[in-house]
Amino acid sequence: MKAITVEPKKAGTARYEEFPEPEVHEGSILVEAVAVGVCGTDVEIVEGKYGWAPPGKTRLVLGHESLGRVIDPGPTGAFKKGDLVVGIVRRPDPVPCPNCAVGEWDMCRNGQYTERGIKEIHGFMSERWRIEPEYAIKVDPSLGILGVLLEPTTVITKALEQVGAIGRRSFWEPRTVLVTGAGPIGLLAALAARMHGLDVHVLDRVESGPKPDLVRALGATYHSGSVKGTGLEPDAIIECTGAGQVIADSIQAIGASGIVCLTGVGHGGVVTSAACADIAAAAVLKNTVIVGSVNANKRHWYRAGNILARADRQWLGRLITRREKPENFQQALERRPDDIKVAIQFSEA
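Residue numbers (our numbering): 8 to 356.
Be aware that one or more of the hints could be misleading.
Said to hold, decoys possible - BS3-like cross-link-like pairs, simulated, lysine-lysine; straight-line CA separation at most 30 Å: (1) Lys9 <-> Lys64; (2) Lys305 <-> Lys64; (3) Lys235 <-> Lys293; (4) Lys332 <-> Lys145; (5) Lys64 <-> Lys332; (6) Lys88 <-> Lys145; (7) Lys305 <-> Lys56; (8) Lys332 <-> Lys88; (9) Lys17 <-> Lys64; (10) Lys9 <-> Lys56; (11) Lys88 <-> Lys305; (12) Lys9 <-> Lys145; (13) Lys332 <-> Lys56; (14) Lys87 <-> Lys9; (15) Lys56 <-> Lys17; (16) Lys17 <-> Lys332; (17) Lys305 <-> Lys87; (18) Lys9 <-> Lys332; (19) Lys56 <-> Lys16; (20) Lys16 <-> Lys64; (21) Lys88 <-> Lys9; (22) Lys332 <-> Lys87; (23) Lys305 <-> Lys145; (24) Lys16 <-> Lys332; (25) Lys145 <-> Lys87.
Unchecked claim - Distance ranges between label pairs, derived from CB positions: (26) Lys145 <-> Pro61: 21 to 29 Å; (27) Pro105 <-> Val301: 15 to 23 Å; (28) Glu134 <-> Lys64: 13 to 21 Å; (29) Gly238 <-> Trp322: 21 to 29 Å; (30) Lys235 <-> Ile78: 50 to 58 Å; (31) Val109 <-> Glu134: 33 to 41 Å; (32) Ala284 <-> Arg317: 41 to 49 Å; (33) Lys332 <-> Val109: 37 to 45 Å; (34) Val109 <-> Lys145: 20 to 28 Å; (35) Val109 <-> His203: 25 to 33 Å; (36) Gln337 <-> Tyr57: 14 to 22 Å; (37) Glu214 <-> Gly110: 38 to 46 Å; (38) Pro344 <-> Lys293: 32 to 40 Å; (39) Pro27 <-> Arg343: 30 to 38 Å.
If you are wondering where the hints come from, they were derived from the structure by calculation, not from laboratory data. Backbone N, C-alpha and C fix where the C-beta goes; we use that ideal spot for every residue, glycine too.
Sequences and hints are given; from them, build the entire structure.
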């Protein structure tokens, strides 16, 4: 079979090449790849910034946003041939830490977890892959290729769960949510928040194109410019940019007893001690909480599937702005102005 692989931490080594068939020890369920979503993590691994090959190997199969069709369901009886499935990304550490020991491996304490397509386990950018039954999630067949959006939806599902859990520290009836960033994570956050009946506002840099239209189609409000420029004091902010200034502005703009949930990962930038003190003072004086959220637990995958199953298919379809063939994977890694979610399509859904 063929797969898109890279030698981690070495730029310029990505290629679409012949690769050994997945072995049974990798999982009893054999899956034919349908599509794999591309995100910034894949781009950074290809650029040599990080990534880890499986032990004893020099190359890593890329891809963690999967969608596939079961070829051989294996002996468990939980799946059947033809089922659309996605694969959970993270695996618990082998020690295990207290969280991994009770199945909360998305909250791993010692960092020894592994992740498909990122850290020490081959990913899903191959014509066929295997998955353990306990890490395979069925997709509503009516979603078709839109099932490839499940993994990014899990990120938001967990983030909203975190916000809700923290909100219960006191009497809290959230009404207004601001989402910063209108990429796939931000737009899916807006979708999920609207499903909860909240007044949703989305902030992004662009002033035209598909993003404002997608936000308005949800019945949400679109803003361009700065957080301060929105004039809002939201009950919760879901931060999806990772941009330092946006984060600082969000912490200062959040309403009293509000929650800022950080889901974006940024790089660089120097914050002065005076700026840190101002940000901290804003958090202290208004009893606000800043929480980071990454990855997702198995329950989040199930809940994310329910969100997508309930969503308007036409709206979801507009999130996938480009599909590329595996042999054109380099084009999939290139960011274009109107891109939201780019998928590498291996076969028909």
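Here is how each hint holds up against the structure:
Proposed proximity of Lys9 and Lys64 is supported: the alpha carbons are some 17 Å apart, at most 30 Å. A C-alpha spacing of about 28 Å is found between Lys305 and Lys64, which places the hinted pair at or below 30 Å, so the restraint holds. For the hint pairing Lys235 with Lys293, the CA-to-CA distance comes to about 17 Å; that is within 30 Å, so the pair holds. Proposed proximity of Lys332 and Lys145 is supported: the alpha carbons are some 24 Å apart, at most 30 Å.
Under the criterion of a C-alpha separation no larger than 30 Å, the hint pairing Lys64 with Lys332 is consistent with the structure, at around 26 Å. Taken as a hint, the Lys88 and Lys145 pair is honoured in the structure, with Cα atoms around 12 Å apart against an allowance of 30 Å. Restraint check for Lys305 and Lys56: the C-alpha separation of about 28 Å stays at or below 30 Å, so the hint holds. Straight-line distance between C-alpha atoms of Lys332 and Lys88 comes to about 24 Å, which keeps the hinted pair within the 30 Å bound.
A threshold of 30 Å between alpha carbons decides the hint, and for Lys17 with Lys64 the separation of about 14 Å falls inside it, so the pair holds. Of the pairs offered as hints, the one joining Lys9 and Lys56 holds, with about 24 Å between alpha carbons and a cut-off of 30 Å not exceeded. About 22 Å separates the Cα atoms of Lys88 and Lys305, which keeps this hinted pair within 30 Å; it holds. Of the pairs offered as hints, the one joining Lys9 and Lys145 holds, with about 24 Å between alpha carbons and a cut-off of 30 Å not exceeded.
Of the pairs offered as hints, the one joining Lys332 and Lys56 holds, with about 25 Å between alpha carbons and a cut-off of 30 Å not exceeded. Restraint check for Lys87 and Lys9: the C-alpha separation of about 25 Å stays at or below 30 Å, so the hint holds. Restraint check: the Cα-Cα separation between Lys56 and Lys17 comes to about 8 Å, which is no more than 30 Å; the hinted pair holds. For a cut-off of 30 Å, the pair hint linking Lys17 to Lys332 stands: about 24 Å separates their Cα positions.
For the suggested pair Lys305 and Lys87, the alpha carbons sit about 20 Å apart, so the restraint of at most 30 Å is met. At most 30 Å may separate the alpha-carbon atoms for a hinted pair to count; Lys9 and Lys332 meet this at roughly 12 Å. Annotation: proposed proximity of Lys56 to Lys16 holds, straight-line Cα distance about 6 Å (limit 30 Å). The suggested pairing of Lys16 with Lys64 holds, with an alpha-carbon distance near 13 Å, which does not exceed 30 Å.
Simply put, Lys88 and Lys9 have alpha-carbon atoms about 22 Å apart, close enough for the 30 Å limit, and the pair holds. For the hint linking Lys332 to Lys87, the alpha-carbon distance of about 27 Å falls within 30 Å, and the restraint holds. For a cut-off of 30 Å, the pair hint linking Lys305 to Lys145 stands: about 12 Å separates their Cα positions. Among the hinted pairs, Lys16 with Lys332 is consistent with the structure: their alpha-carbon atoms are about 25 Å apart, no more than 30 Å.
Pair hint Lys145 plus Lys87 holds up; C-alpha atoms about 10 Å apart against a cutoff of 30 Å. Between Lys145 and Pro61 the beta carbons are some 26 Å apart, a value that agrees with the proposed interval 21 to 29 Å. At roughly 18 Å, the beta-carbon separation of Pro105 and Val301 lies within the given 15 to 23 Å, and the hint holds. Between Glu134 and Lys64 the beta carbon distance is about 18 Å. The supplied range of 13 to 21 Å therefore holds.
Range check, Gly238 to Trp322: about 27 Å between beta-carbon atoms, so the 21 to 29 Å window is met. Evaluation of the 50 to 58 Å hint for Lys235 and Ile78 yields a pass: the beta carbon distance comes to about 53 Å. The supplied range of 33 to 41 Å is met by Val109 and Glu134, whose beta-carbon atoms lie about 36 Å from each other. Distance hint for Ala284 and Arg317: a CB-CB separation of about 44 Å, consistent with the stated range 41 to 49 Å.
Checked against the hint of 37 to 45 Å, the pair Lys332 and Val109 passes, with Cβ atoms roughly 42 Å apart. For Val109 and Lys145, the hinted distance range of 20 to 28 Å is satisfied, since their beta carbons lie about 24 Å from each other. For Val109 and His203, the Cβ-Cβ distance of about 27 Å falls inside the hinted range of 25 to 33 Å, so the restraint holds. The hinted window of 14 to 22 Å between Gln337 and Tyr57 holds, with their beta carbons roughly 19 Å apart.
Taking the beta carbon of each, Glu214 and Gly110 are about 44 Å apart, inside 38 to 46 Å as hinted. At about 37 Å, the beta-carbon gap between Pro344 and Lys293 stays in the expected band of 32 to 40 Å. A hinted range of 30 to 38 Å holds for the C-beta pair Pro27 and Arg343, which are about 34 Å apart.
Of the numbered hints given earlier, the model fails none.
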